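Given chain A, put chain B in place with the hints provided.
Protein chains: 2
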Amino acid sequence: MSTDPVISNPEHYSVVFENEFVRVLDYHDFPGDITTPHLHPNSVMCTLSSFRRRLHAGPRVVDVDIQAGAAMWLPAQEHFGENTGATPTHVIFVELKGDAHTVLGGGFGPQ
Amino acid sequence: MSTDPVISNPEHYSVVFENEFVRVLDYHDFPGDITTPHLHPNSVMCTLSSFRRRLHAGPRVVDVDIQAGAAMWLPAQEHFGENTGATPTHVIFVELKGDAHTVLGGGFGPQ
Numbered sequence: 172m173s174t175d176p177v178i179s180n181p182e183h184y185s186v187v188f189e190n191e192f193v194r195v196l197d198y199h200d201f202p203g204d205i206t207t208p209h210l211h212p213n214s215v216m217c218t219l220s221s222f223r224r225r226l227h228a229g230p231r232v233v234d235v236d237i238q239a240g241a242a243m244w245l246p247a248q249e250h251f252g253e254n255t256g257a258t259p260t261h262v263i264f265v266e267l268k269g270d271a272h273t274v275l276g277g278g279f280g281p282q
Numbered sequence: 172m173s174t175d176p177v178i179s180n181p182e183h184y185s186v187v188f189e190n191e192f193v194r195v196l197d198y199h200d201f202p203g204d205i206t207t208p209h210l211h212p213n214s215v216m217c218t219l220s221s222f223r224r225r226l227h228a229g230p231r232v233v234d235v236d237i238q239a240g241a242a243m244w245l246p247a248q249e250h251f252g253e254n255t256g257a258t259p260t261h262v263i264f265v266e267l268k269g270d271a272h273t274v275l276g277g278g279f280g281p282q
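Chains as they are written, first to last, in the numbering used here: chain A, 172 to 282; chain B, 172 to 282.
Isolated chain A (complex conformation) (with noise of 0.2 Å):
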């Protein structure tokens, strides 16, 4: 199975642009919307709404409560994400390529 979230769960993400430094993705779900398990490279997200979500990695569970208009760093990780907030989550992933696409690791949900 697929790990790359538009494959995964297109239903949620879309693929605004892309060239061959970035993929840009758009995100957009429901409270109670839950996602299967998918792979994001080292990515900037920008919020477009304000957002509570549970994310899930392995054993881990980390609960982020997000305002509107955040710009946060997201290292390259495998997870799983609930909305877990009372509004839809709106978000664009600025997906990096090449030497800064890199490589599972780092930290776990956004920093």
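There is no bait here: all hints are sound.
Copies of one chain are not kept apart here, so a pair can be met inside one copy or by any two copies together.
Derived EDC-like pairs (lysine to aspartate or glutamate); straight-line CA-CA distance at most 20 Å:
#	residue 1	residue 2
1	Lys268	Glu189
2	Lys268	Glu191
3	Lys268	Asp197
Read the hints as simulated data drawn from the structure, not as lab findings. Model, not experiment: these values are computed from the prediction.
This is chain B only, laid out in the frame that chain A set:
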């Protein structure tokens, strides 16, 4: 005079965070504001407001009318801009570093 917008136009540009792969800037202005000439490396723009701007690069001028929630490619370019609309401009710039940082000679304005 520096062409780094954080130095040339600190009233509009601030650094949200920076690591080895990216520098992320927050841009904010009000109607009528105009910047001095500055340089953007290859970047992704995420728009947090809808806005109208006039961009100038040497003799070239382009008017843009962009909606909130957009993500667009900004090829490396030196320009200055004026808020020609009736609303503030609020944008996140994800500036790319390394091989992706490069070099003037692409298009002009966001794409």
